[in-house]
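Engineer: Sequence:
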Amino acid sequence: MSGIVFERDDAVLRGYDRGEGAPLLFQHGLGGSEMQVAENVPDLAGTRRLTLDCRAQGSSTAGTTRPFSIGLFAADALAFCDARGVESFAVGGISMGAAIALHLAVRHPNRVRALILARPAWLFDPGPENMRPYAAVAHALRHAPPAEAKAAFIRSDTAAMLAKEAPDNLASLLGFFDRPDPEPTADLLGAIAADGPGVSRAEARALKLPTLVIGHGVDHAHPLATAKILAETIPNARLVEIPPKATDKAAHIVAFRAAVTRFLHDLAMPTEFRS
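When we follow the UniProt record's numbering, the leftmost residue of the sequence shown carries the number 1, and every step to the right adds one.
No lab work stands behind these hints: they were computed from the structure.
Here the structure is a predicted model, which is why all the values come from computation and not from measurement.
Hints are supplied without guarantee of correctness; some may be wrong.
Taking CB as the label site, the calculated pair distances span [said to hold, decoys possible]:
{"hint": "1", "residue 1": "P42", "residue 2": "P167", "range": "37 to 47 Å"}
{"hint": "2", "residue 1": "R238", "residue 2": "K164", "range": "27 to 37 Å"}
{"hint": "3", "residue 1": "E129", "residue 2": "P109", "range": "22 to 32 Å"}
{"hint": "4", "residue 1": "D9", "residue 2": "A206", "range": "40 to 50 Å"}
{"hint": "5", "residue 1": "G85", "residue 2": "S59", "range": "21 to 31 Å"}
{"hint": "6", "residue 1": "E183", "residue 2": "A258", "range": "18 to 28 Å"}
{"hint": "7", "residue 1": "P126", "residue 2": "D82", "range": "18 to 28 Å"}
{"hint": "8", "residue 1": "I154", "residue 2": "T247", "range": "30 to 40 Å"}
{"hint": "9", "residue 1": "R205", "residue 2": "G21", "range": "26 to 36 Å"}
{"hint": "10", "residue 1": "A171", "residue 2": "A144", "range": "15 to 25 Å"}
{"hint": "11", "residue 1": "E129", "residue 2": "L174", "range": "30 to 40 Å"}
{"hint": "12", "residue 1": "N110", "residue 2": "P167", "range": "37 to 47 Å"}
{"hint": "13", "residue 1": "E87", "residue 2": "P67", "range": "26 to 36 Å"}
{"hint": "14", "residue 1": "A171", "residue 2": "A79", "range": "26 to 36 Å"}
Distance condition first, Cα-Cα at most 30 Å in a straight line; then the derived DSS-like pairs of lysine-lysine [claimed, not checked]:
{"hint": "15", "residue 1": "K249", "residue 2": "K164"}
{"hint": "16", "residue 1": "K249", "residue 2": "K228"}
{"hint": "17", "residue 1": "K228", "residue 2": "K208"}
{"hint": "18", "residue 1": "K164", "residue 2": "K228"}
Heads up, the beta-carbon is just placed ideally off N, CA and C, and yes, glycines get one too.
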């Protein structure tokens, strides 16, 4: 699937629109792309899934607008829905994509009919502690050539901690040093690590829409506690805990896809027929 070219200011973005039925806007995590979404979100009959590769990620260019932000990425995704003629939709995302989804649900309640927060990395404040390793990678890339920066990061206390506690997070972080565009990569990681969804706890507590929260352990960047707090804060949210990606990726993906499938199935089914 080659995607759809979508331009915003001077950024050339790549969007994806597949399937037919009730629209679902689903966004990837930091440094991810449509490929991450396709791996975790199944193609379902009766669902039209839209995804936009965010600026400087996937097949989308960085453009010159700075700083990058969750709000900017949310505005891009909403504009993509507008361009595709999609007015009302369920919205979800993984990690950074979950923050984008929460931003859209609060800021555009008239357009969002359901919410999926998968592996959330943020609560309500910008720059949480769990995002500091991303800021450290940004710092390293700004102060040395990529190969030297990577070697220095591997020797750091942060890398040693992640190797023990969250090896999947470490592998993801090391991949940023191998990207061909170190300057926009540093801009991306530094800005997003310091950002947040721009949503208060009170605003999340006031949400009135079906919500699924997916969380798991063995993940420094996406603490299970964050998923639990969001599920407790958003009224009537459903929390599903799945196997950690770091310990069993295959089981993680199966459980992720099953949780999304069940939620969308229940969303489409009249209340009186739900189990």
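Engineer: Is K249 within 30 Å of K228, Cα to Cα?
Structural biologist: holds, 21 Å
Engineer: Note whether the CB distance of R238 and K164 lies within 27 to 37 Å or breaks it.
Structural biologist: Since R238 and K164 have Cβ atoms about 32 Å apart, the given range 27 to 37 Å holds.
Engineer: Between A171 and A79, is the Cβ distance one that fits in 26 to 36 Å?
Structural biologist: Roughly 33 Å apart at Cβ, these two residues keep to the hinted range, so it holds.
Engineer: Kindly confirm whether 40 to 50 Å is satisfied by the beta carbon distance between D9 and A206.
Structural biologist: Distance hint for D9, A206 is violated at roughly 32 Å.
Engineer: Is 26 to 36 Å respected by the C-beta to C-beta distance linking E87 and P67?
Structural biologist: Between E87 and P67, where Cβ atoms are some 30 Å apart, the hint holds.
Engineer: Using the C-beta atoms of P126 and D82, is the stated range 18 to 28 Å upheld?
Structural biologist: For D82 against P126, whose Cβ atoms are near 27 Å apart, the range 18 to 28 Å holds.
Engineer: So the hint says 26 to 36 Å: do the beta-carbon atoms of R205 and G21 match that?
Structural biologist: holds, 31 Å
Engineer: Evaluate the given range 37 to 47 Å for the C-beta pair formed by P42 and P167.
Structural biologist: violated, 27 Å
Engineer: Using the C-beta atoms of I154 and T247, is the stated range 30 to 40 Å upheld?
Structural biologist: violated, 22 Å
Engineer: Holds or violated: are the alpha carbons of K249 and K164 at most 30 Å from each other?
Structural biologist: This hinted pair holds, its Cα atoms lying about 17 Å apart.
Engineer: For K228 and K208, compute the direct alpha-carbon distance and say whether it is at most 30 Å.
Structural biologist: holds, 18 Å
Engineer: State, for the Cβ atoms of N110 and P167, whether the hinted interval 37 to 47 Å holds or is violated.
Structural biologist: holds, 42 Å
The structure fails hints 1, 4, 6, 8, 11 (numbered hints given earlier, in ascending order).
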